[in-house]
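Chains as they are written, first to last, in the numbering used here: chain A, 89 to 458; chain B, 102 to 236.
Read the hints as simulated data drawn from the structure, not as lab findings.
Please read all numbers here as calculations on a predicted model, not as lab measurements.
Glycine included, each C-beta is placed from N, C-alpha and C at the ideal position.
Please note that a few of the clues may not be correct.
What the hints assert, rightly or not - Quick look at which bits of chain B chain A covers, simulated, 3 or more residues with Cβ under 8 Å:
1. 112 to 121
2. 127 to 139
As the list claims (entries may be wrong) - Within a straight-line C-alpha distance of at most 20 Å, the following computed SDA-like cross-link-like pairs (lysine to any residue) qualify:
3. Lys-243/A to Phe-229/B
4. Lys-243/A to Gln-144/B
5. Lys-243/A to Ser-177/A
6. Lys-205/B to Pro-241/A
7. Lys-380/A to Trp-298/A
8. Lys-243/A to Ile-110/B
9. Lys-303/A to Arg-104/B
10. Lys-245/A to Glu-206/B
11. Lys-243/A to Arg-125/B
12. Lys-137/B to Asp-204/B
13. Lys-405/A to Pro-193/A
14. Lys-137/B to Phe-203/B
15. Lys-205/B to Ser-267/A
16. Lys-205/B to Trp-176/A
17. Lys-245/A to Pro-228/B
18. Lys-245/A to Val-173/B
19. Lys-245/A to Val-162/B
20. Lys-137/B to Arg-104/B
21. Lys-245/A to Lys-158/B
22. Lys-245/A to Ile-208/B
23. Lys-158/B to Gly-180/A
24. Lys-158/B to Ser-267/A
25. Lys-166/B to Gln-144/B
26. Lys-166/B to Leu-133/B
27. Lys-243/A to Glu-230/B
28. Lys-380/A to Glu-440/A
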Amino acid sequence: MKITKETFIKLFRNNLVTVMFVIICAFGIPLSGYSANYLIGEIIVRISRNSFLILSLLIPIMAGMGLNFGMTLGAMAGEIALIFVTDWSVVGIPAMVLACILSVPFSIILGTICGRILNKAKGREMVTSYIIGFFMNGVYQLFVLYAMGPIIPIKNKALVLPRGYGIRNTVNLIGIRRSLDDLIKVRISGVSVPVATFLVIAVACVFIVWFRKTKLGQDMRAVGQDLEVSSAAGIKVENTRVVSIVLSTVLAGFGMVLYLQNMGTLNTYNSHTQIGMFSIAAILVGGASVNKASIPNVFLGVILFHLMFIVSPMAGKNLIGQAQLGEYFRVFVSYGVITLSLVLYEMRKKREANDSAQLLETEQEGYNND
Amino acid sequence: MTRRTIVRISALVVILLLAFAMLRIGRQHSILLDDKTVTVQGQEYKALDMVEVKVDKQDSVELVKRDRDVAVVTGQSHKIKVTYTDAQWNEIELERKIKIPFDKEMIVFSVPAFIENPDDDTYYLMPFETTSVGN
Numbered sequence: 089m090k091i092t093k094e095t096f097i098k099l100f101r102n103n104l105v106t107v108m109f110v111i112i113c114a115f116g117i118p119l120s121g122y123s124a125n126y127l128i129g130e131i132i133v134r135i136s137r138n139s140f141l142i143l144s145l146l147i148p149i150m151a152g153m154g155l156n157f158g159m160t161l162g163a164m165a166g167e168i169a170l171i172f173v174t175d176w177s178v179v180g181i182p183a184m185v186l187a188c189i190l191s192v193p194f195s196i197i198l199g200t201i202c203g204r205i206l207n208k209a210k211g212r213e214m215v216t217s218y219i220i221g222f223f224m225n226g227v228y229q230l231f232v233l234y235a236m237g238p239i240i241p242i243k244n245k246a247l248v249l250p251r252g253y254g255i256r257n258t259v260n261l262i263g264i265r266r267s268l269d270d271l272i273k274v275r276i277s278g279v280s281v282p283v284a285t286f287l288v289i290a291v292a293c294v295f296i297v298w299f300r301k302t303k304l305g306q307d308m309r310a311v312g313q314d315l316e317v318s319s320a321a322g323i324k325v326e327n328t329r330v331v332s333i334v335l336s337t338v339l340a341g342f343g344m345v346l347y348l349q350n351m352g353t354l355n356t357y358n359s360h361t362q363i364g365m366f367s368i369a370a371i372l373v374g375g376a377s378v379n380k381a382s383i384p385n386v387f388l389g390v391i392l393f394h395l396m397f398i399v400s401p402m403a404g405k406n407l408i409g410q411a412q413l414g415e416y417f418r419v420f421v422s423y424g425v426i427t428l429s430l431v432l433y434e435m436r437k438k439r440e441a442n443d444s445a446q447l448l449e450t451e452q453e454g455y456n457n458d
Numbered sequence: 102m103t104r105r106t107i108v109r110i111s112a113l114v115v116i117l118l119l120a121f122a123m124l125r126i127g128r129q130h131s132i133l134l135d136d137k138t139v140t141v142q143g144q145e146y147k148a149l150d151m152v153e154v155k156v157d158k159q160d161s162v163e164l165v166k167r168d169r170d171v172a173v174v175t176g177q178s179h180k181i182k183v184t185y186t187d188a189q190w191n192e193i194e195l196e197r198k199i200k201i202p203f204d205k206e207m208i209v210f211s212v213p214a215f216i217e218n219p220d221d222d223t224y225y226l227m228p229f230e231t232t233s234v235g236n
């Protein structure tokens with residue numbers, strides 16, 4: 089295939105965010121002074137920790153619902169399940185499996201509510217799901233702060249606030265800490281690889297690939313392309329959209345369990361708040377857009393986004409003597425990436441509309457000349 | 102009842118059974134290994150001067166008179182091995198399987214009672230009860 093100047097510009101334009109991150113990382117890595125071994129080790133940890141959560145974003149994008157900021161609801165479901173599992177003193181892999189199972193009903197309920205609301209806000213799904221996330225955060229806090237203890241019995245005193253009800257700010261997940269990561273651990277030239285976690289992520293990838301080929305998956309793709317045409321073709325559009333959000337929420341719940349087993353600590357009131365934004369920023373960095381995303385985008389996004397996360401504090405410190413700059417930089421970049429991607433998406437949409445209008449005009453002129 | 106409903110109900114039952122199995126397999130218990138003089142069912146069992154207790158494949162614990170240690174275990178069934186020296190300086194080894202009740206988070210394993218009645222766990226396994234300091 090011959091690469092012309094136009095195709096190169098188009099490729100550059102379509103992957104502007106990714107290119108920008110490659111440049112940031114290319115400058116940041118030598119500035120940070122970290123060794124290759126350290127960086128690879130850290131990246132492997134980040135891939136095992138975050139990939140599952142980011143994979144949960146693929147299904148709503150397929151159904152044309154954009155980036156699901158409502159994935160925080162799934163994260164909340166996973167956290168509630170982990171609080172119960174910790175209270176019941178269940179540990180290890182059984183605790184993880186149990187937490188995943190327990191998170192499902194919460195995820196289904198929250199996902200259905202979110203999906204139904206999003207059906208009422210077609211075309212404005214992203215901002216609506218973002219606000220639903222804030223609203224549900226309040227409901228979650230009410231549940232964890234006031235219902236756990238007096239209504240839902242919590243026996244473990246280490247979990248409950250000194251006043252006798254409500255969950256403490258931090259829950260120690262020592263019982264499940266790295267239980268999956270350490271299940272099958274292989275060391276390759278000094279870098280530890282959590283094989284079992286990668287196998288679970290691989291299963292999730294296979295599920296998504298398989299799901300795309302099912303009848304429901306095909307329906308979602310059709311709904312994502314055109315609502316009216318899909319509806320005329322007999323697809324239950326609204327139901328399909330709700331199912332896509334429910335699936336995403338359930339997967340986000342599992343992802344949160346996987347994420348927290350790696351962290352080993354649950355920050356009861358904050359763990360889920362940043363998850364949606366960081367996951368969305370990562371998938372956008374990987375080259376995804378509001379209406380198109382694939383599995384390679386997830387992994388490329390985790391690598392580039394988290395590489396920036398790892399190197400920026402040290403690069404900032406070495407550059408101007410303040411690590412705080414790097415901390416500030418990464419939060420600023422997360423929001424910046426989302427904004428830039430949304431702007432680029434709108435620009436591309438407008439450009440494509442212009443191009444097709446121009447094409448139509450040229451065709452019409454040719455027809456009139458004939 | 103349609104085939105789809107049957108499949109859905111079966112899947113739900115399998116998931117519930119899996120959750121229950123995980124709850125039983127993964128539940129953590131603390132066994133308090135106690136070498137104290139106790140009275141069980143009207144019979145007094147004297148504490149041993151020194152005894153070695155091993156729970157499953159964990160490191161063995163050495164207890165002296167009036168000593169208490171803890172073994173944290175996962176699941177209900179466990180193997181306990183007690184090694185001690187009798188009055189004739191013979192080393193005796195006793196090994197039994199114990200079953201911890203599911204609802205008990207902490208249980209006391211009385212070594213002196215175990216040595217006298219190793220085949221009846223009602224003698225040596227007792228629930229741990231905390232006594233609050235009164236006013």
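To see whether the hints hold, each was checked on the structure:
Restraint check on the segment 112 to 121 of chain B versus chain A: 3 residues with Cβ-Cβ distances below 8 Å, three needed, restraint holds. Counting residues of the segment 127 to 139 of chain B whose beta-carbon sits less than 8 Å from any beta-carbon of chain A gives 4, enough to reach three: the coverage restraint holds. With a C-alpha separation of about 15 Å, the suggested pair Lys-243/A and Phe-229/B falls inside the 20 Å cut-off, and the hint holds. A distance of roughly 34 Å separates the Cα atoms of Lys-243/A and Gln-144/B; the hinted pair therefore is violated under the 20 Å criterion.
Our distance criterion of 20 Å between C-alpha atoms is met by Lys-243/A and Ser-177/A, whose separation comes to about 10 Å. The straight-line distance between the Cα atoms of Lys-205/B and Pro-241/A is roughly 16 Å, inside the 20 Å bound, and the hint therefore holds. At most 20 Å may separate the alpha-carbon atoms for a hinted pair to count; Lys-380/A and Trp-298/A meet this at roughly 17 Å. Annotation: proposed proximity of Lys-243/A to Ile-110/B is violated, straight-line Cα distance about 32 Å (limit 20 Å).
Of the supplied pair hints, the one linking Lys-303/A and Arg-104/B holds, its CA atoms being roughly 18 Å apart against a limit of 20 Å. At roughly 13 Å between alpha-carbon atoms, Lys-245/A and Glu-206/B fall within 20 Å of each other, so this suggested pair holds. Between Lys-243/A and Arg-125/B, the direct Cα distance comes to roughly 17 Å. Compliance with the 20 Å bound is thereby established for this hinted pair. A distance of roughly 25 Å separates the Cα atoms of Lys-137/B and Asp-204/B; the hinted pair therefore is violated under the 20 Å criterion.
A threshold of 20 Å between alpha carbons decides the hint, and for Lys-405/A with Pro-193/A the separation of about 46 Å lies outside it, so the pair is violated. At roughly 25 Å between alpha-carbon atoms, Lys-137/B and Phe-203/B are farther apart than 20 Å, so this suggested pair is violated. For the hint linking Lys-205/B to Ser-267/A, the alpha-carbon distance of about 24 Å lies beyond 20 Å, and the restraint is violated. A C-alpha spacing of about 11 Å is found between Lys-205/B and Trp-176/A, which places the hinted pair at or below 20 Å, so the restraint holds.
This hinted pair checks out: Lys-245/A and Pro-228/B have alpha carbons roughly 19 Å apart, not beyond 20 Å. The suggested pairing of Lys-245/A with Val-173/B holds, with an alpha-carbon distance near 18 Å, which does not exceed 20 Å. Of the supplied pair hints, the one linking Lys-245/A and Val-162/B is violated, its CA atoms being roughly 28 Å apart against a limit of 20 Å. For the suggested pair Lys-137/B and Arg-104/B, the alpha carbons sit about 62 Å apart, so the restraint of at most 20 Å is broken.
Restraint check: the Cα-Cα separation between Lys-245/A and Lys-158/B comes to about 29 Å, which exceeds 20 Å; the hinted pair is violated. Only pairs whose Cα atoms come within 20 Å are accepted, and Lys-245/A paired with Ile-208/B is accepted, the gap being roughly 18 Å. Straight-line distance between C-alpha atoms of Lys-158/B and Gly-180/A comes to about 17 Å, which keeps the hinted pair within the 20 Å bound. With a C-alpha separation of about 19 Å, the suggested pair Lys-158/B and Ser-267/A falls inside the 20 Å cut-off, and the hint holds.
At most 20 Å may separate the alpha-carbon atoms for a hinted pair to count; Lys-166/B and Gln-144/B meet this at roughly 18 Å. A distance of roughly 15 Å separates the Cα atoms of Lys-166/B and Leu-133/B; the hinted pair therefore holds under the 20 Å criterion. A hinted pair counts as satisfied when its Cα atoms are at most 20 Å apart, and Lys-243/A with Glu-230/B qualifies at roughly 15 Å. A threshold of 20 Å between alpha carbons decides the hint, and for Lys-380/A with Glu-440/A the separation of about 15 Å falls inside it, so the pair holds.
Figure legend: structure checked against the earlier numbered hints; hints not met, in rising order: 4, 8, 12, 13, 14, 15, 19, 20, 21.
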